[in-house]
Amino acid sequence: ILDTPRSGGWDLKRFVKTHRDPDGIRRYIDGYTPLGVDKTFMPISTSNIKVEERAPILYKEKIVLATVGADAHVVGINLIKEAIEQAGYEVIFLRGMNLPETVAEIVAETKAKAIDVSNLLGMGVELFPRVDKRLKELGIRDEVVFVAGGRIAEKEEEHEMFEKKMEKEGTDFLGVDGFFGPGTKAEDFVKWLNEKLGNS
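Going by this note's numbering, the sequence shown opens with residue 10, and the numbers climb by one from there.
Bear in mind the hints are in silico, worked out from the structure with no lab data behind them.
Any given hint could be a false lead.
[To be verified] No farther apart than 20 Å at their CA atoms in a straight line, the calculated lysine to aspartate or glutamate pairs in the EDC-like style are these:
1) Lys120 with Asp151
2) Lys194 with Glu152
3) Lys205 with Glu135
4) Lys120 with Glu152
5) Lys69 with Glu94
6) Lys194 with Glu172
7) Lys71 with Glu94
8) Lys205 with Glu99
9) Lys194 with Glu91
10) Lys205 with Glu70
11) Lys173 with Glu163
12) Lys71 with Asp151
13) Lys200 with Glu94
14) Lys164 with Glu135
15) Lys120 with Glu70
16) Lys26 with Asp47
17) Lys200 with Glu99
18) Lys26 with Glu62
19) Lys90 with Glu62
20) Lys194 with Glu204
21) Lys71 with Glu91
[Claimed, not checked] Estimated spans, in silico, between C-beta atoms of each pair:
22) Lys142 with Gly207: 20 to 28 Å
23) Lys173 with Arg29: 42 to 50 Å
24) Lys200 with Lys26: 25 to 33 Å
Note that CB positions come from ideal geometry on N, CA and C, so glycine has one too.
Build the full structure now, drawing on both the sequences and the hints.
This is the structure we're talking about:
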């Protein structure tokens, strides 16, 4: 099952690091194979690789990050991930193209206290409420800070209309506690998150 660094679920990928070797094949870095799996079953890179130390975890709250829907754009959410980790949180990063319901279920499974989902394809108005609905079905919505980013609608004029609606009415119609669109500074997001989690 785990013959490539891209296989396995989120729980096996935690803390995984890989390197593309000179032959073009991506392999695991020794010491950073999937948790709980014997490294003798993993393709390990023979390259001499220096791995930067992770920022220490300072807070007990775990944060789940993911893009939802058929969206593989992870550049923005990667920047948020790095900022949250540097701030001292443990991040469970699901990368791109996740079902909204699956993301909510992983929040429940990991007992995470915050969730940040993104969609840059303009499907936020349909996808974000599905995460909210599943969190409620699981009985954990009141225990979780739920924030979203990206684009709410595909067309620019529709996105702007929804942004104006948020300014007047808040973010309840999206099912989120906060929304951060394109161009948000990572430090502003981290400050907001710290305040919501009581770590400011």
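Verification of the supplied hints:
{"no.": "1", "hint": "Lys120 with Asp151", "result": "13 Å, holds"}
{"no.": "2", "hint": "Lys194 with Glu152", "result": "26 Å, violated"}
{"no.": "3", "hint": "Lys205 with Glu135", "result": "25 Å, violated"}
{"no.": "4", "hint": "Lys120 with Glu152", "result": "9 Å, holds"}
{"no.": "5", "hint": "Lys69 with Glu94", "result": "12 Å, holds"}
{"no.": "6", "hint": "Lys194 with Glu172", "result": "17 Å, holds"}
{"no.": "7", "hint": "Lys71 with Glu94", "result": "10 Å, holds"}
{"no.": "8", "hint": "Lys205 with Glu99", "result": "16 Å, holds"}
{"no.": "9", "hint": "Lys194 with Glu91", "result": "12 Å, holds"}
{"no.": "10", "hint": "Lys205 with Glu70", "result": "11 Å, holds"}
{"no.": "11", "hint": "Lys173 with Glu163", "result": "16 Å, holds"}
{"no.": "12", "hint": "Lys71 with Asp151", "result": "16 Å, holds"}
{"no.": "13", "hint": "Lys200 with Glu94", "result": "13 Å, holds"}
{"no.": "14", "hint": "Lys164 with Glu135", "result": "14 Å, holds"}
{"no.": "15", "hint": "Lys120 with Glu70", "result": "9 Å, holds"}
{"no.": "16", "hint": "Lys26 with Asp47", "result": "15 Å, holds"}
{"no.": "17", "hint": "Lys200 with Glu99", "result": "16 Å, holds"}
{"no.": "18", "hint": "Lys26 with Glu62", "result": "12 Å, holds"}
{"no.": "19", "hint": "Lys90 with Glu62", "result": "15 Å, holds"}
{"no.": "20", "hint": "Lys194 with Glu204", "result": "16 Å, holds"}
{"no.": "21", "hint": "Lys71 with Glu91", "result": "14 Å, holds"}
{"no.": "22", "hint": "Lys142 with Gly207: 20 to 28 Å", "result": "26 Å, holds"}
{"no.": "23", "hint": "Lys173 with Arg29: 42 to 50 Å", "result": "45 Å, holds"}
{"no.": "24", "hint": "Lys200 with Lys26: 25 to 33 Å", "result": "29 Å, holds"}
Hint compliance for this structure: hints 2 and 3 are not met, and every other hint is.
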